[in-house]
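Asks: Chains R and H, in that order, are what the protein sequence lines are. When we follow the working numbering, the leftmost residue of the first sequence carries the number 4, and every step to the right adds one. When we follow the working numbering, the leftmost residue of the second sequence carries the number 238, and every step to the right adds one.
To be clear, the hints were calculated from the coordinates, so they are not data collected in a lab. Note that CB positions come from ideal geometry on N, CA and C, so glycine has one too. Fair warning: there could be bad hints in the mix.
As the list claims (entries may be wrong) - Only pairs whose alpha carbons sit at most 30 Å apart, straight line, appear in this in silico DSS-like list of lysine-lysine:
1) R/K115 with R/K188
2) H/K353 with R/K115
3) H/K637 with H/K610
4) H/K681 with H/K610
5) H/K637 with R/K211
6) R/K188 with H/K353
7) H/K681 with H/K637
8) R/K199 with H/K637
9) R/K211 with R/K188
10) R/K199 with R/K188
11) R/K211 with R/K199
12) R/K199 with H/K610
13) R/K211 with H/K610
14) R/K115 with R/K199
15) R/K115 with R/K211
16) R/K115 with H/K637
Unchecked claim - Covered stretches of chain H (chain R as the covering partner; in silico rule of three or more C-beta atoms under 8 Å from a C-beta of chain R):
17) 396-404
18) 609-623
Said to hold, decoys possible - If you only want the chain R side, here are some residues facing chain H, beta carbon under 7 Å, derived:
19) P48
20) G71
21) H138
22) D146
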Amino acid sequence: MSEAGPSRGTPRVVLVDDHGLFRSGVRSELGRAVEVVGEADDVAPAIEVITSTQPDVVLLDVHLPGGGGGAVVAAIRERGLPDVRFLALSASDAPEDVIAVIRAGARGYVTKTISTTELADAIRRVASGDAVFSHRLAGFVLDAFASAATSGPDAVKPSFDPELDQLTARERDVLRLIAQGYTYKEIARELYISVKTVESHVSSVLRKLQLSSRHQLTRWAAERRLA
Amino acid sequence: MQEPTWPPNRPPEGWIDRPDRADRWATRFRRLQGTCTGEPLRRNRDDRLGGGVAAGLARWRGFNPTAVRVVIVIATLFSQGTIVPFYFMAWLLIPGSVDGAAAGSGAPEYASVWSKARHDSRGITLAVGVASVLSILLLIVGVFSAGLVQTWGWPQVVSAACLVLIWRNAPAHEQALLRRVGGALASIGPDASPRGNRLRIAGAVILLAGGIGWLVSVHESVTLLRPLGGVVLVLAGCVLLLGPWWLRIARDLVLERQARARAEERADMAARLHDSVLQTLALIQRRADDPAQVTQLARAQERELRSWLFEGQAPGSVSGAGSLAAGIRQIQQDVEARHGVPVEVVTVSDCPLDEDLAALLAAAREAVVNAAKWSGAPVIALFAEVTAEDVEVVVRDRGKGFDPLSVPADRKGLAESIHGRMSRHGGTVAVQAAVGEGVKVSLKMPRAAAARSAARE
Chain R
4 MSEAGPSRGT
14 PRVVLVDDHG
24 LFRSGVRSEL
34 GRAVEVVGEA
44 DDVAPAIEVI
54 TSTQPDVVLL
64 DVHLPGGGGG
74 AVVAAIRERG
84 LPDVRFLALS
94 ASDAPEDVIA
104 VIRAGARGYV
114 TKTISTTELA
124 DAIRRVASGD
134 AVFSHRLAGF
144 VLDAFASAAT
154 SGPDAVKPSF
164 DPELDQLTAR
174 ERDVLRLIAQ
184 GYTYKEIARE
194 LYISVKTVES
204 HVSSVLRKLQ
214 LSSRHQLTRW
224 AAERRLA
Chain H
238 MQEPTWPPNR
248 PPEGWIDRPD
258 RADRWATRFR
268 RLQGTCTGEP
278 LRRNRDDRLG
288 GGVAAGLARW
298 RGFNPTAVRV
308 VIVIATLFSQ
318 GTIVPFYFMA
328 WLLIPGSVDG
338 AAAGSGAPEY
348 ASVWSKARHD
358 SRGITLAVGV
368 ASVLSILLLI
378 VGVFSAGLVQ
388 TWGWPQVVSA
398 ACLVLIWRNA
408 PAHEQALLRR
418 VGGALASIGP
428 DASPRGNRLR
438 IAGAVILLAG
448 GIGWLVSVHE
458 SVTLLRPLGG
468 VVLVLAGCVL
478 LLGPWWLRIA
488 RDLVLERQAR
498 ARAEERADMA
508 ARLHDSVLQT
518 LALIQRRADD
528 PAQVTQLARA
538 QERELRSWLF
548 EGQAPGSVSG
558 AGSLAAGIRQ
568 IQQDVEARHG
578 VPVEVVTVSD
588 CPLDEDLAAL
598 LAAAREAVVN
608 AAKWSGAPVI
618 ALFAEVTAED
628 VEVVVRDRGK
638 GFDPLSVPAD
648 RKGLAESIHG
658 RMSRHGGTVA
668 VQAAVGEGVK
678 VSLKMPRAAA
688 ARSAARE
């Protein structure tokens with residue numbers, strides 16, 4: 004984590020969403036839980052606001068008119084602002100779009116139907132460097148890795164990297180429980196491990212998702228589009 | 238008239254074989270004459286190949302549509318194409334029928350295409366333009382030979398003009414046929430890709446070179462080719478004079494087509510959104526005082542919209558439940574509608590249903606309904622995962638739960654029905670429960686299909 008202490012206090016947040024109504028709603032609901040330092044409604048203004056304010060967390064809509072949330076994440080990564088973390092959120096999205104934003108570098112994904120307290124909690128967790136998986140994202144990820152694994156043996160590539168292309172049994176267990184709506188604490192109790200271990204499993208899944216050979220997940224997305 | 242088209246030894250369609258010869262001939266005669274239904278003459282939109290003229294005639298007089306079509310084709314051959322413009326004029330002038338796909342969209346459907354085309358001055362200009370281009374071409378061809386092309390060609394000048402008017406003015410759903418033809422033309426039009434252009438130019442050069450070479454080789458004396466030079470000059474003059482105008486006509490046609498496709502797409506979208514989203518929003522406004530109802534409406538709408546956007550299912554259509562994921566969605570829909578408790582669904586992979594998986598779904602439904610009725614939880618999680626070996630469904634609530642050691646009789650009964658269903662098909666059930674911590678029912682069913690295919694290999 005960074006040496007600066009913003010993650011200790013209220014996280015500084017930038018809201019990026021093309022619906023003004025949604026932005027003002029989130030702003031008023033989150034109230035004092037976070038400090039909203041900026042808003043943007045499209046890719047270009049978002050990049051500008053994020054670069055100038057350097058927030059802890061960017062609450063990022065998956066779908067933006069000017070190129071999608073992934074474009075914002077990629078642009079900020081290019082400018083070298085590693086301390087800005089992204090939490091993707093959307094009303095309803097195709098799995099491949101959500102996975103794309105995560106692969107671009109977002110630290111988590113929640114749906115817009117999330118309750119205010121849960122959202123504030125998710126922002127705090129992302130600010131402190133954790134990954135935030137909603138039950139839906141967990142389902143998407145299991146799906147992505149499941150089909151990557153089943154189509155793996157008959158199409159073994161020289162670049163096939165089992166380290167990154169497959170989830171461990173434990174990681175899969177954790178994802179399954181998240182998909183069933185368990186909280187980290189409940190998962191820890193269920194699997195007889197510590198909450199910290201659950202968090203590290205989730206972070207490891209996130210790392211695999213972001214680093215895995217592009218090929219497998221691209222093919223998964225292509226297959227989903229065909230289906 | 239249509240009698241010769243039937244093989245004499247084969248009775249026509251719908252023919253009732255009767256022993257009495259006279260009676261048979263009388264029936265045939267009646268069929269020949271047709272049976273007027275008393276309806277006015279309308280083009281038949283439901284059973285059409287082109288404009289629905291043949292099918293309309295057939296319905297009007299009670300003929301077999303195929304027979305009418307055959308007669309038209311034969312008449313076309315014998316009249317050397319003179320019938321064709323009449324067909325298009327009929328298309329233009331006879332109003333379309335209202336029943337079928339277009340029913341209920343209002344009075345203008347009765348109107349003929351011409352009633353709209355009359356006011357379309359640009360369309361009429363276009364039609365005249367196309368007719369003039371064709372006429373000039375035919376005149377030029379006529380210089381060389383007054384043969385087949387002339388007798389077949391001239392009536393088609395009228396056809397082409399009619400076709401342009403139909404193109405611009407027919408109701409959208411009548412234009413599928415025309416659009417297909419237009420699509421082929423557009424690929425060599427002014428908006429074509431550079432590759433298409435190169436192909437076209439290469440083809441033209443080869444044809445021109447080949448043609449001139451052929452002409453020179455056939456006529457030893459080049460003086461015979463002199464009249465041809467004049468023709469070329471006239472042709473070049475025509476192109477120079479009218480070329481840009483023709484080009485604009487072609488471009489207009491293409492733009493027209495694109496605009497129509499966009500408008501149609503928009504209309505389709507608007508219709509769907511109206512049927513689903515706007516209706517729901519209206520309902521939500523009227524029930525603003527009942528938060529539970531509003532939430533339920535919003536959730537149902539969200540699900541419908543999602544399935545339309547991402548799975549291509551039309552709103553309001555009941556999924557066929559042919560796959561496990563569809564079955565799970567069905568459970569979610571039913572329980573939310575009947576018990577008003579939101580069900581959060583996550584499915585991982587999918588597979589087609591068989592008997593065992595249907596039993597699994599039935600057991601899962603039982604468990605979800607059970608949770609909705611008894612747990613008091615605000616939300617139920619429903620998770621389904623398909624792997625190569627088995628299918629697992631987990632139903633979980635964070636409601637009041639129960640003590641597994643002192644199971645009330647009614648709940649035990651339900652658990653038994655879940656247990657019974659699963660064990661009969663070789664599946665397993667695990668129930669995890671504690672007072673105040675909710676219930677988790679895990680159902681696991683081995684995949685029969687997977688087992689069978691594994692045994693075969």
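Asks: Answer holds if the nearest beta-carbon of chain H is closer than 7 Å to that of R/G71; otherwise answer violated.
Replies: Violated. Min distance 15 Å.
Asks: Is R/K211 close enough to H/K610, meaning Cα to Cα at most 30 Å?
Replies: violated, 41 Å
Asks: Taking beta carbons only, do three or more residues of the segment 396-404 of chain H come closer than 8 Å to chain R?
Replies: The restraint on the segment 396-404 of chain H is violated, since only 0 of its residues have a Cβ under 8 Å from chain R and three are required.
Asks: Next item in the hint list is R/H138. Is there a CB on chain H closer than 7 Å to its CB?
Replies: Holds - the Cβ of R/H138 comes within 7 Å of chain H, reaching about 5 Å at its closest.
Asks: Per the coverage rule (Cβ-Cβ under 8 Å, at least three residues), is the segment 609-623 of chain H covered by chain R?
Replies: With 4 residues in contact (Cβ-Cβ under 8 Å with chain R), the coverage given for the segment 609-623 of chain H holds.
Asks: Are R/K211 and R/K199 close enough, with their CA atoms no more than 30 Å apart?
Replies: holds, 18 Å
Asks: Need the status of pair H/K681, H/K610: alpha-carbon distance at most 30 Å?
Replies: holds, 23 Å
Asks: Is the straight-line distance between the alpha-carbon of H/K353 and that of R/K115 30 Å or less?
Replies: Roughly 49 Å separates the two Cα atoms, so the pair is violated.
Asks: Has the given pair, R/K199 with H/K610, been kept, meaning a C-alpha gap of at most 30 Å?
Replies: Violated. R/K199 to H/K610 sits at ~36 Å, over the 30 Å cutoff.
Asks: Less than 7 Å between beta-carbons is the criterion; does R/D146 satisfy it with respect to chain H?
Replies: holds, 5 Å
Asks: Decide if the proposed pair is consistent with the structure: R/K199 and H/K637, CA atoms, cutoff 30 Å inclusive.
Replies: It holds: about 28 Å lies between the C-alpha atoms, which stays within 30 Å.
Asks: For the pair supplied as a hint, R/K115 and R/K199, confirm whether the alpha-carbon distance does not exceed 30 Å.
Replies: holds, 27 Å
Hints 2, 5, 6, 12, 13, 17, 19 and 20 from the earlier list are contradicted by this structure; the remaining hints agree with it.
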